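Listed below are the residues making up each chain.
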Amino acid sequence: MPDVDPDRIRMMAEAARVPLRADAPARIARAVAPTVTRFGAEKLALALETEPSTFAVVQRREIEP
Amino acid sequence: MNERAVSATTDPAMLTLGEAAAAIRDRKLSSVELTAALLERIKAWQPKINAFVRIEADSALELARACDAALARGDIKGPLHGVPLAHKDMYYSAGKPAGCGSKVREGWIAPATSTAVARLEAAGSFRLGALHMAEFAYGPTGHNPYLGHARNPWDSERITGGSSSGSGAAVAARLVPAALGSDTGGSIRLPAHFCGVTGFKPTYGRVSRANAMPLSFTLDTVGPLARSADDCALVMQAIAGPDPLDPTSTGAPAWNGDVAGGSPGALKIGVPTGFYVDDLEADVANALDAALTTLRSLGAHIVKVDLPDQTAVAAAALIVLAVEATAAHAPWLRERADDYGMQVRARLENGLAYSAVEYLEALRWRGPALAAHLEAIGDVDVIIAPASRAAAPTIAETDMGGGPNAEATIVAITRFMRPVNYLGVPSLVVPAGRSQGGMPIGLQLVGRPFRDERLIALGRAFQAATGHHLAVPVLSS
Chain A
1 MPDVDPDRIR MMAEAARVPL RADAPARIAR AVAPTVTRFG AEKLALALET
51 EPSTFAVVQR REIEP
Chain B
1 MNERAVSATT DPAMLTLGEA AAAIRDRKLS SVELTAALLE RIKAWQPKIN
51 AFVRIEADSA LELARACDAA LARGDIKGPL HGVPLAHKDM YYSAGKPAGC
101 GSKVREGWIA PATSTAVARL EAAGSFRLGA LHMAEFAYGP TGHNPYLGHA
151 RNPWDSERIT GGSSSGSGAA VAARLVPAAL GSDTGGSIRL PAHFCGVTGF
201 KPTYGRVSRA NAMPLSFTLD TVGPLARSAD DCALVMQAIA GPDPLDPTST
251 GAPAWNGDVA GGSPGALKIG VPTGFYVDDL EADVANALDA ALTTLRSLGA
301 HIVKVDLPDQ TAVAAAALIV LAVEATAAHA PWLRERADDY GMQVRARLEN
351 GLAYSAVEYL EALRWRGPAL AAHLEAIGDV DVIIAPASRA AAPTIAETDM
401 GGGPNAEATI VAITRFMRPV NYLGVPSLVV PAGRSQGGMP IGLQLVGRPF
451 RDERLIALGR AFQAATGHHL AVPVLSS
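In order, the protein sequences belong to chains A and B.
First residue of the first sequence? That's 1 in this note's numbering, and the numbers climb one at a time after it.
First residue of the second sequence? That's 1 in this note's numbering, and the numbers climb one at a time after it.
If we strip away everything but chain A, and leave its shape as in the complex, we get (with noise of 0.2 Å):
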């Protein structure tokens, strides 16, 4: 499973230029856990040309001529 805890949040932050304060990390990685864990859990395999604008060829072919 991904990990979530507290230290790779304070990194991401860190990286992001964002301060925490001191026990945000540890209530983020309890909130985004369950997330985080989902979504792995899915075990995504998605085609190697599959991009974000596939969902819009997706979404206009039920546009009714």
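Everything labelled a hint here was simulated from the structure, so no lab data went into it.
In this text, all values refer to a predicted model and were calculated from it rather than measured experimentally.
Keep in mind that the hints are not guaranteed to be accurate.
[What the hints assert, rightly or not] In silico contact screen, one side only, chain A against chain B (beta carbon under 10 Å); selected entries:
1. A13
2. P25
3. A29
4. R38
5. S53
6. R60
7. E62
[Unchecked claim] Keeping only pairs whose Cα atoms sit at most 16 Å apart, straight-line, the calculated EDC-like set for lysine to aspartate or glutamate is:
8. B:K77 - B:E121
9. B:K103 - B:D338
10. B:K304 - B:D289
11. B:K304 - B:D278
12. A:K43 - B:D309
13. A:K43 - B:E361
All residues carry an ideal CB built from backbone N, CA and C; glycine is no exception.
Using the hints provided, position chain B relative to the given structure of chain A.
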């Protein structure tokens, strides 16, 4: 106008958007009379529900007089001529403040007008003021520690839902006939459900988001809250369609009023199993059952549908929302984080935790996830689902200090919202009954991409058969 509309001209505030516009056009009501009636009602309700952040009485009356003078000359600007509206305080109007529900943007003056508002004004409406919202549209309840919380017109101890809190409350209390909201994770649909109004989240890309405050550029949609599906259609007729200022709207079809205003026909309606129907409170489950009976009587063919796992879709939506919102707010988080409310600051900080790969996988999966959704529903036209598992909880139950269950209650509120935003599909929330405690219950009619008009047609038929949308809250002393 129907009989109800004619008699309602004794209190113009009770008219729907369509009725008010028709009454002005037919010279049965002046724009000044309508504006004055709404201002009178706002004066009575505002202290109770905090729906407005600014009331622009003098300028509104001046604009109303100009509309009446134009009409006297035979100059009708458009189908909404002379109707005052107010919108969530994130729709920019050039030269006017747009605080976006925040201390951070206090006093900020918008340099340009949002396309949606410009189009409504081109149709003849004008501005009555600006409406309450959750801070930066990043909250599902209507809490706002900076502005004071919005309060539900049906019970002022209960939440309005958010983030279009003022839009839901103002339309429910008949302070405006319609209002723009925005929906990134339920922000039109939740206030519609909790306040007992009709709310429409269009297909992603159907309405320009230009010069409206962004929260998540992948998920943000612009749409109306109004008293009926009919009134939502009037707003959509004005605002839908391509806009060179918003590339996501390029290629979007123009609004088809014939489909929206016609019979829905014999639609195939899917009832999802599992995710959307497990663990509903009895009032909501009963409203869903009653709605299915009504839809059958209207000729709909009801079938069960097994959707792909919606918890994975919701997780992807949350990652996209969190990262995009945090990236947008990063400059302020670096310099003035203390100016955010506690709840919104915590949500923005959560967005720091996702990796670039997680974000981009969530973004890239959107197309395949929509394809899987469409394959699962086959030829189903509309999915019916609850908007939330229960009617409005209290403000105290969903406050940060509301005890250990507060966060769980907030998560439960948004459960049925996020997949719709991630898939970019349209959803209409219609009032569908009341809880034992008398609070409104709404249901979602979720459509296929760009088939927005069919949802409106179905919503119109449902409302003609049920009348749930006609209930009006009473101002208690």
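Original post:
Tell me, which hint numbers fail for this structure?
Top reply: none
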